[in-house]
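> Sequence:
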Amino acid sequence: MYRKLCVELQDSFLRVLDGSLDYSPSVVGFVLEVSFHYPADIGLRPDSLAWASVAGHHQNLGILLLEEMQIHSAAPLEREVKRRCKDQAVDPTDVSVWIKLVELYKSLDDSDAVRGIFECARDVSPGAREAFEKETLGDYQAAARLYEELYQRIRDTGPDEATFYDDAVLECCRNLCDWDGVEAVVTSRLQSTTLHLEDLFDFGYKQDHYVPSVVKSRIMTALTKGKNDRSFVDSICSAMDDPEKKRLLESNFLEELALMYAVEKDYSRSWYYAENLREQFLQQWSSLSVLNPSVLDRNLQSLQKIADLLDFLRYAMKGGCEGAARKVLNIWKQRLPSDSDTVPLWNDILIARSYFMGALCDITSDDFLLAKMELLNSFARATVSRNMIPVALRCVAEIEKLKKEAGGGSVSYVHTYCVTLERSCERLPVEKKVASHMKMLQKLGSCTDESDDHSEAATSALEGHLLTRLSEILYSSGSEAGLRLKPEQTTALKLPQDCSSPQQAAHELREKAFRKYQEAVQKSASNESSKQHSVSLLNMATFCNKVLQSWEDSDLDFKSRGECPNVMVHSVLSSMALGNTDAVDMFPQLLDVMQVHNSCRETFAAESVRVPCWMYLTWLNQILPMLNKEIGPYLFDIIDTISTHYPNALVYPFQVSYESYKFDSFPSNKCQSREFIERIKTRMDKLPLVNDFIAALKMLQFPDIAFKEWCQSMEDALRQKKRSQLLKQGFREMLSDLCGDGSVNVGTIRKHFSEAVKEKLLNAFGSSGEKLASMSISEFRTKCQEVVKGYNMSRPTSLNDVSPWLARFSMLEHPVGLEIPGQYSGKSKPMPEYHIHISGFDEKILVLSSKQKPCRITVRGDNEREYRFLVKTGEDLRQDDRIERLFELMNRAFTADPICRAKTLQLVTYKVVPLTTRMAADSGLNTPSEYIRAYEELKNRTTQLKSNFHKNVMSMNRRALYKAFLNLSSCSEAFFMLRSRFVVSHAAICIAHWVLGIGDRHLDNFLINMETGQEVGIDFGYAFGVATQFLPVPELMPFRLTPQYLNLVEPLRQHGGFSCSMQHVLRVLRDNRDTLLNVLDVFVKEPTVDWMRYTRLQNIQT
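Residue numbers (our numbering): 621 to 1722.
The hints are simulated quantities; they were obtained by calculation from the structure and are not laboratory data.
Model, not experiment: these values are computed from the prediction.
Glycine included, C-beta positions come from ideal geometry on N, C-alpha and C.
Derived DSSO-like pairs (lysine-lysine); straight-line CA-CA distance at most 27 angstroms:
1. 1132 x 1179
2. 1306 x 1449
3. 1063 x 1166
4. 826 x 865
5. 1053 x 1179
6. 1380 x 1403
7. 925 x 992
Label-pair distances were calculated between CB atoms; the ranges are:
8. 960 x 1295: 50 to 58 angstroms
9. 1649 x 1451: 41 to 49 angstroms
10. 1670 x 1199: 48 to 56 angstroms
11. 1578 x 1631: 22 to 30 angstroms
12. 1631 x 777: 42 to 50 angstroms
Whole structure, please, built from the sequences with the hints as guidance.
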């Protein structure tokens, strides 16, 4: 009975998918959802499934169902295939499924998944990956040629694969705007000499695959020529007499019908179809799922074409009233391409707007040409940012043609021309690179007379950039035999005649570049735009920074090289003073420059006071370690101003750095630095409640863990043979801290510990610790074990058990409030008067089961909201804080990259506020009880499954993580979204952790957000290779990519999402390596306590 029901459902579902014209998203979604949950009982054909998924905007459901079919290798169905060419053989099921997966992922613009399929699908033709890469880069001509070769090779043996290549050829032709090519391809497929639209309405393969391309090509050709092909119009009119064909046209070709009648000047009928198109969009939009953002974006982009058409028709139907055309043109100038738009979208908009602008009666030919050039220029810049250089070159070539008619071009276009040509010549031989840069410089020189101050500054900066690049090309190619500048090139560059050798020319060009950047700064200073001036200053600083990074290379010298330190310091600080937040990222480099080049220190002191002090808050962790160094006095004004205006931003970082200050290295300013630091310390101590708050938080460290930490420190002291007085002092501090029974701020946990071990401590080490100096390390360890033997910590039931001060705290009892830590980001000017203050603490406390037993407490703010903090002790959490700041810097780099931004590739970060060198509070991170642990089943069984690793892996459910995500999801679409976000977040974590050498990546250190699916890495105590060197079992794997991770994304596994996302992350980090290395410098300037301990261990080992 059940089997009969499944067969009936399968047959009904196939009839729905094959016979539908409208493909209602709700109906298609229902069919796919049911089939996904019962893949073994209800089998759908890959071609029908894929077609309906795209038409019904449920690609994610179609992908999940096809993946299940591929995993289970379902047998092909016997039902007749509708959308396949006749007389073609049947594909093997796996090839058919792979190809349909490619189609669905392409419709979502997920090129990484398509690459992954071509990598792991061995039965797919080997040249498909190369063709797709050409298509992705915008080289549609080469892609079309390769796709055509693939189609001709397998058209008789692989129908589904041939269909994919057939569609790909037509798509490439459409992207090239080669409308004659589209018709030529279709004509060749039909094996006829002429193409008639009525011959394609077969309600089968030709109608589905050829009619859209032919109709599009005829409409675009009509818009380009300004008139319709009469035979095409007659064919459409004839088709409208047939009810089935009319329904097809009015369902799928409303835009084309509206444009056709607009060209016919039948504006009423065009308006009718345009309004129907708008209604169709609204209807589709209301039925789309918010869990499919790619489909939402694609549909939203199509709204721009509808808006342009309606704008034109409103003007045309009013009879072209005076001024209306200018208004329409101004509206369109506000709608320009961005790097997130697709090439087909803007191809259509460019052609349609060109026709519309030509039809506006009061638009002059010059206005028309300038508007079209501006649109092409924006399109070119957008495609360059997406690395689609062939498309950008086509746009540049089109603008060059228009320039001949318009008699000139904008400075903005010349910049686009140079950027495009520079990117296109990256892989060319050196001689051609030099020739291309000469051409770009000549182009820039020709536009200087036409530009204003604003454009002149940008032009000079671009000239400086091109001269720098040309200098680098010549310098790096100096070893190539026979490479010399030609006399005409030397003359064009205005170089001395004896500068024909590459090295000499490189030095002269670097000097010219320096002067060009200076010229850009001077020109932008006379402009009223502070933004342009700040950008010019930042360009100047970037140039100087590159010079200073190669300072040791004496061969790369030029006349003004010595000015670079001062110029860089002045430029960065002046740009910051103008509000440029990008300049803030370069501030750590200034600290390095000041340490190497004494000459720029006075410049720093003079310019730094002009910068708003809040802009330094981001880099407090870099500034504070320098206060006792040689450059410390030049930083005093910054810290003094911050301590006056934003003392709560300084108090915790200063408390941490204060413990590390030493004044032996630089006796010249020893007294001055000590006096200033003590003055700031006095000022910080006067802040109400802060010291009491820190002391109360220290009580959250459980006494047995604090005792183990003391044992470790004493063991290190004994190993270093420190003086007896220091050992005694350490013992007395520990005894007072852990066994101080008299204080009202001591909770019951510490009181119980004191009662259990105090007498043992005194017996083992003496009343003042006098026995410590005579002990060996092994004897000391034995005594420590005896002290804590038999002690069992009782778990706290309330906050009062561990920290009575926090439990009793009430804002009403104190005249001045206590700010919640971590509210000073440095990204914008703080407003302390609006900051949240602590009203009190919740009585509940949650103790985590990890090694240091961190405690989660709940802070009640004065805004009637609750904030959770995870208080961690026993480790130097400055390392976690610095690594989280590095992650934030990486996220900014990911956001600036179009590919990473489109994939929403980000690291999930949280706020770490170090309160002392051994304690910190993590905010913005929920505790594991609010995350899923995907390996909980395996984790609970590790004690009984240690005999054999492979046996352990095989004993687990191979899709445990898959099922965990599926159970977490409200529907299949939610599962697809959560899985996608998890994959990219794990890829980002893997590479970021690998670059920073972060280890100890056990299961407790990976959390998964239950709302977003993103993975969160925590606990970075073992970083920079420490886990490989010092853990009992060294970590040799670069990152965690176990079978559970791979089975989550079967059948692609490591291909596609994982591997490609890792490549994107690594590329962006490599491009931003200078900024990251400067931020990492703080680890050297102010080593953490754990770093110093590992250094001592390493010295002992060696």
